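Participant: Turn these sequences into a full structure, and let the hints steer you where they fit.
Which chain is which? The protein sequence lines are A and B, in order. Quick note, the first sequence lines up with residues 0 to 378 if you use numbering that gives the first Met the number 0. Quick note, the second sequence lines up with residues 0 to 459 if you use numbering that gives the first Met the number 0.
Possibly wrong hints are sitting among the right ones.
[What the hints assert, rightly or not] Quick partial rundown of chain A residues pointing at chain B, CB under 7 Å, derived from the structure:
#1 SER25
#2 TRP173
#3 TYR208
#4 ARG212
It should be emphasised that the hints constitute simulated quantities derived from the structure, not laboratory data. Note that the coordinates shown come from a computational prediction; the quantities given were computed from them, not determined experimentally. From the three backbone atoms N, C-alpha and C, an ideal C-beta is built for every residue, glycine too.
The chain contents come next:
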Amino acid sequence: MEITVNSFISNSDAPWKRFFRILIISLISLFTAGYLFVLGVDPYGIIPISFSKDRGFATDPRFFLPNLAKRPQFDSAIIGTSTVRLLNPKDLNPLLNGRFVNLALNAAFLFEQEAILDVFLRHHSQPKFVIFGVDHVNFFNGDNYAQFIGGVPENFPVWLYDESFFNDLLPYNWRSIQHAVKQLRSITGMNPFKYRSDGYEDFTKRHPYDIDRVRNIIYGSSTPQAKVPVQPPVIKTPELLKTFQFPAVRHLDRMLGRLPDATLKIVIIPPFHHFHQATPGSTDDIKWEEFKRHVVDATCRYENSILIDYMIKSPITTADENFLDQIHYTVPVAKKIARSIAREVVSQTISPNYLRYCTCIKDEPAQTAVLDDCGFRGQ
Amino acid sequence: MLFNSQGFLLIFLPLTLLLYFTFANKETLRIWVLISASLFFYAYWDLRFLPLLVISVTFNWFCSKWHALFPYRSILIAGVAVNLLIIGFFKYTNFLLGNVAATAGAEFAPWNIVLPLGISFFTFQQISYLVDLKRGTAPIYPFHKYVLYVTFFPQLIAGPIVRHNEIIKQYAFDPFREGVYERLSKGFGLLFIGLFKKMILADTMAETASFLFNDAAAGNTLSFYGSWVAAAAYTLQIYYDFSGYSDMAIGLGFMFGLTIPINFNAPYLAISIRDFWRRWHITLSRFLRDYLYIPMGGNRYGPARQVLALMVTMLLGGLWHGAGWTFVIWGGLHGLALVLNHLWEKTGMPMPRSIGWVLTVTFVMFGWVIFRADNLETASAIMRSMVGINGFSFNIPAINPPGQILYYALPAFIGPTSQRLATHWLRPRPIYAVIVACALFYLALRAGDGNYSEFIYFQF
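Facilitator: Here's what the structure looks like:
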């Protein structure tokens with residue numbers, strides 16, 4: 000049985016001529032109108048003159064942050080993941096006399112952090128400050144290293160991270176239409192802009208704060224629980240230390256190495272809720288200690304570097320109301336962190352909220368204690 | 000280049016159509032336009048594959064020419080042997096050596112052989128031509144027509160497997176002959192149907208099937224319900240994926256004024272396994288029938304010979320799909336089912352249509368489990384769950400919203416076939432043109448999101 004569709008061709012072609020003409024005209028009209036719509040709304044801020052210019056963004060930061068990283072009005076940047084996304088440029092700017100852009104991406108792979116830093120450095124050869132959030136997901140968990148650097152993540156818009164303007168105009172897909180619709184809704188006031196034009200987003204506003212919910216996330220119940228140290232504590236042996244690998248820390252080292260000496264490099268280990276930190280006396284506790292030693296080694300060998308560690312038992316990390324979940328702190332804590340960063344830049348202080356490991360002089364041996372002020376006073 | 004990519008839909012296809020119709024009144028030139036486009040289409044995946052395709056096509060054409068000059072059957076037999084050696088080397092070397100090593104108890108590190116895309120399809124088309132030459136039923140074609148017969152991009156990678164005598168004569172037809180706008184319009188209609196099947200139906204089912212088959216491969220026991228969802232999801236995925244590809248191939252052929260035979264005719268409505276193979280991958284079925292089953296005797300030499308012919312045909316048909324025991328067993332089971340089907344028919348006992356349908360679909364689903372599983376252990380584990388050996392738990396797999404499978408099954412089980420949609424339902428009304436345009440616009444933009452996946456039959 001030979002079946003084809005050929006036998007169904009009719010004799011009269013005139014109606015089909017009209018059909019085909021309408022089909023082609025509709026296709027051309029739809030593609031042209033859709034493209035002009037995306038260009039006009041400019042959801043990623045790539046067009047020099049557009050509705051989106053300096054008004055904020057409603058779309059995926061991976062798409063619009065490269066454009067912010069190129070803008071000359073900024074001289075300082077924040078790189079990392081969601082654990083530094085709440086650092087508000089409006090808090091940091093007056094404290095440090097800088098013009099910050101928050102380039103942190105939620106759940107950013109190392110690849111993405113390096114990519115956005117690349118863009119920023121191509122357009123700002125002498126940044127004033129760069130703040131790095133050393134996230135446990137990327138940097139601490141060496142077991143996941145391969146998956147974090149295993150090539151370009153799916154759907155990562157590489158074309159927006161290079162210097163070609165024209166290839167920024169090429170991608171035209173359903174996602175860009177959806178982004179343009181979202182952006183248009185914000186431009187017309189139907190929805191607020193999710194992100195400010197300095198990259199900041201207060202993601203704590205997404206849900207009303209509920210301390211019971213937070214405690215359920217942290218403790219698994221609404222009742223706070225005490226952290227019980229491991230007894231007897233695990234002994235730190237050279238053999239145990241050898242089992243810990245932190246290959247991702249060399250990416251931090253590489254990123255810091257790309258910054259000019261004059262740039263103040265501020266590395267922070269953001270605070271997790273104390274219940275979510277390593278249990279004292281446990282193998283994990285030793286692993287964290289070793290991890291911090293690696294980060295100190297990577298950071299403190301660079302001139303003009305400060306490393307501030309909030310991942311300790313402190314008034315910040317022991318108060319449930321300071322957190323949204325185990326690893327994300329609230330806006331008041333973010334403000335506190337901004338102030339403490341500024342204090343550390345201007346002068347050395349002793350705080351119960353963090354430890355400071357720092358060398359401001361190149362090649363000075365790293366130390367895991369509060370160091371003397373090494374003379375940096377900001378710029 | 001994939002049909003479901005923006006590069007194909009927005010650049011390659013419009014440009015090729017434009018060039019083809021620009022040179023429509025110059026037959027040789029328009030054929031070379033299609034050949035050039037097809038070679039570019041093929042090389043776009045991997046330039047390394049191109050020489051093999053070009054050498055294969057040239058070699059086979061020279062075989063036909065040599066045979067015309069020196070009519071020795073040995074030339075054609077040698078030609079078929081070379082084709083079989085080439086496909087054997089690329090497709091079956093590791094399988095063969097691995098099994099030899101396993102039998103000898105030796106270690107075997109697979110050779111690094113990259114399987115050229117579409118090799119099974121273009122090799123089979125060329126073998127069929129050489130065999131027809133040997134039978135004296137094929138003419139010698141001009142080089143450019145023969146090259147286009149093998150390389151025509153819509154069917155180059157995954158069929159339908161086209162016969163020389165049903166396509167090459169069409170190359171002489173004027174593309175602007177009566178019906179050009181209907182062919183173009185219905186071609187776009189079929190392209191839309193194929194894209195929809197692939198991007199919306201098959202790729203969604205693929206997520207469910209992959210999740211569950213991988214779960215089983217990792218050693219987790221699927222629930223009774225989960226195992227049936229896995230089998231059903233893959234049953235739908237492979238149908239939408241492959242028939243979607245075939246719809247697009249036929250639609251694209253139509254746009255160029257060429258009629259490619261259909262490959263699917265509502266296979267899951269089959270009421271027997273014989274009926275199924277008349278509806279599933281029709282062009283492969285008829286290839287196997289005409290070039291294996293009938294030459295081996297078919298039903299002409301008694302039941303024993305017929306059983307042997309059926310079993311060998313289906314085992315080789317299974318092996319054609321891939322170098323693995325799962326494919327061989329799948330083919331063998333279908334061969335066995337066809338034998339039983341024939342025996343039942345010989346008894347003259349009636350089979351109620353509904354029972355025949357249930358038996359056929361159930362058997363086909365079990366078959367797809369073997370076909371899809373990474374290995375026999377995984378297939379066996381899923382089938383044990385399907386028959387309730389691991390209990391009758393109705394745990395709903397996290398990946399699959401309850402009921403999703405059912406409404407995704409509707410087009411396959413009660414919907415009209417693609418060819419019926421394109422030929423009977425698509426009328427020359429302006430509103431339909433706008434609907435097709437909107438759907439193509441949406442799918443072409445979806446294709447640009449970067450989530451597109453390859454077609455299952457590309458690996459064969």
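Participant: Now tell me if each hint is right for this structure.
Facilitator: Evaluated hints:
no., hint, in the structure
1, SER25, "holds, 3 Å"
2, TRP173, "holds, 4 Å"
3, TYR208, "violated, 29 Å"
4, ARG212, "violated, 23 Å"
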